[in-house]
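**Q** Each chain, written out:
2 protein chains.
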Amino acid sequence: MELSSTNNPQVKFWQKLKLKKYRDEEKLFLVEDEHLVNEALKKGIVKEIITITHEKFQEPTYYVNEKIMKLLSSQVTGAKIIAVCHMLDEKEILGNVIVLDRLQDPGNLGTIIRSAVAFNFDSIILSDDSVDLYNPKVIRSSEGMIFHINVIRTNITTFLNNLSNEYTKITTSVIDGEDIKNIKFNKCALIIGNEGEGVSKKVATLCEKKAYIKMNKNCESLNAGVSASILMYEVNHG
Amino acid sequence: MELSSTNNPQVKFWQKLKLKKYRDEEKLFLVEDEHLVNEALKKGIVKEIITITHEKFQEPTYYVNEKIMKLLSSQVTGAKIIAVCHMLDEKEILGNVIVLDRLQDPGNLGTIIRSAVAFNFDSIILSDDSVDLYNPKVIRSSEGMIFHINVIRTNITTFLNNLSNEYTKITTSVIDGEDIKNIKFNKCALIIGNEGEGVSKKVATLCEKKAYIKMNKNCESLNAGVSASILMYEVNHG
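Protein chains in written order, with the working numbering: chain A, 198 to 435; chain B, 198 to 435.
Please keep in mind that the hints were generated in silico from the structure rather than gathered at the bench.
With a straight-line cut-off of 27 Å between C-alpha atoms, the simulated DSS-like cross-links for lysine-lysine are:
1. A:Lys407 to B:Lys411
2. B:Lys334 to A:Lys215
3. A:Lys334 to A:Lys218
4. A:Lys411 to B:Lys411
5. B:Lys414 to A:Lys239
6. A:Lys414 to B:Lys384
7. B:Lys378 to A:Lys414
8. A:Lys384 to B:Lys414
9. A:Lys334 to B:Lys414
10. B:Lys384 to A:Lys378
11. A:Lys411 to B:Lys407
12. A:Lys414 to B:Lys288
13. A:Lys239 to B:Lys411
14. B:Lys414 to A:Lys378
15. A:Lys378 to B:Lys381
16. B:Lys378 to A:Lys378
17. B:Lys411 to A:Lys378
Between beta-carbon pairs, the in silico distance windows are:
18. B:Gly393 to A:Glu252: 17 to 27 Å
19. B:Lys277 to A:Pro257: 49 to 59 Å
20. A:Lys213 to B:Glu417: 31 to 41 Å
All residues carry an ideal CB built from backbone N, CA and C; glycine is no exception.
Sequences are here, hints too, so could you generate the full structure?
**A** Spelled out as structure tokens, the structure:
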């Protein structure tokens with residue numbers, strides 16, 4: 198189908214999906230650029246394709262002009278292709294999980310998703326006041342790894358309270374933590390805090406262990422994506 | 198001194214420092230926000246202060262209005278204080294160094310600066326076609342650590358060719374690298390490549406060793422800031 202007017206109701210509908218509120222209402226989100234759209238197609242979550250190219254796709258395809266594309270894309274330069282996707286299902290957790298307490302930066306979340314897949318973590322538990330999983334910057338910085346891991350958005354206090362006792366709950370501390378290599382566990386739930394404030398006190402009290410990453414005293418803390426990645430790297434190699 | 202017009206030549210001069218070209222010409226750069234301005238003051242590189250507050254500072258201080266501040270700040274919301282700073286001196290290298298080959302993302306550079314300080318690296322060697330060290334996003338994401346490490350911007354091929362043979366030059370490879378823990382060296386130069394393309398062939402041929410970070414095959418690569426940080430973490434703990 199060809200669409201040429203930016204006032205078309207279908208275009209208006211897609212445009213709304215740039216906002217979290219409407220994504221949550223419609224249970225849909227947008228994925229931009231060929232590489233990521235291909236990952237979404239492989240995952241089988243694509244509802245329809247929007248493109249300025251003349252290629253054919255199995256899914257319903259809407260052929261639009263550059264003006265419409267720029268309206269829908271999160272990138273200044275626009276995109277060639279966008280897939281409208283159904284939100285990912287939340288699955289039961291099985292292995293090691295990383296719990297993110299009020300993470301705010303979309304780039305950090307994308308980076309953590311990428312590292313979690315790399316280091317064989319089973320699931321990411323995102324606090325309900327964290328950045329939106331379907332923020333375009335999260336999807337882009339995850340480099341498609343968002344389609345390879347289970348992500349659950351929930352109240353993390355409730356989650357941690359109900360977590361099976363197979364799991365050791367580990368938070369981070371720059372003051373009195375122990376080396377992650379020395380912490381023994383069957384399965385772990387690693388808790389990473391907000392970029393500025395760290396893990397909230399309420400959440401920290403639910404944890405059995407504190408891990409630290411040894412560093413020069415001139416440096417107060419690492420980037421949240423980096424410290425999460427180093428801890429997951431150590432857990433995977435332990 | 199009080200300034201109220203956005204057309205004031207002094208304001209125009211500062212505004213130009215938002216561009217790399219003029220920063221390089223004037224050997225000056227801007228540092229925003231109290232925490233980072235304090236770090237710059239401690240470092241002794243502040244030429245003058247620009248502020249919308251009424252505080253007194255040792256350095257010449259220009260009191261401006263919010264309109265001028267918004268013009269000078271890189272942040273949408275503006276800043277309360279900006280320091281005009283002399284560029285940092287490049288010092289001789291002593292210990293382990295990390296070499297960045299065409300790194301493009303300012304957030305990644307800031308993150309790597311932060312991790313380099315944390316893991317006791319001596320210097321960062323930035324290829325002359327990498328993102329500018331004095332980009333406001335680099336300074337902000339370094340969390341002030343930019344003032345705690347030696348950074349040299351240069352032609353990295355020449356740098357690596359002239360490097361003392363005390364140094365083992367290590368690049369990264371996801372295919373045929375060896376575990377960084379098994380690589381023996383006196384001092385190391387770790388080479389990290391561009392976000393999309395990795396290390397250039399020309400630079401890779403200058404390296405004696407290839408290191409890899411073991412990861413799940415679903416994940417092609419890690420974020421550049423994360424892989425640099427994990428390698429520096431391992432070198433520091435080795």
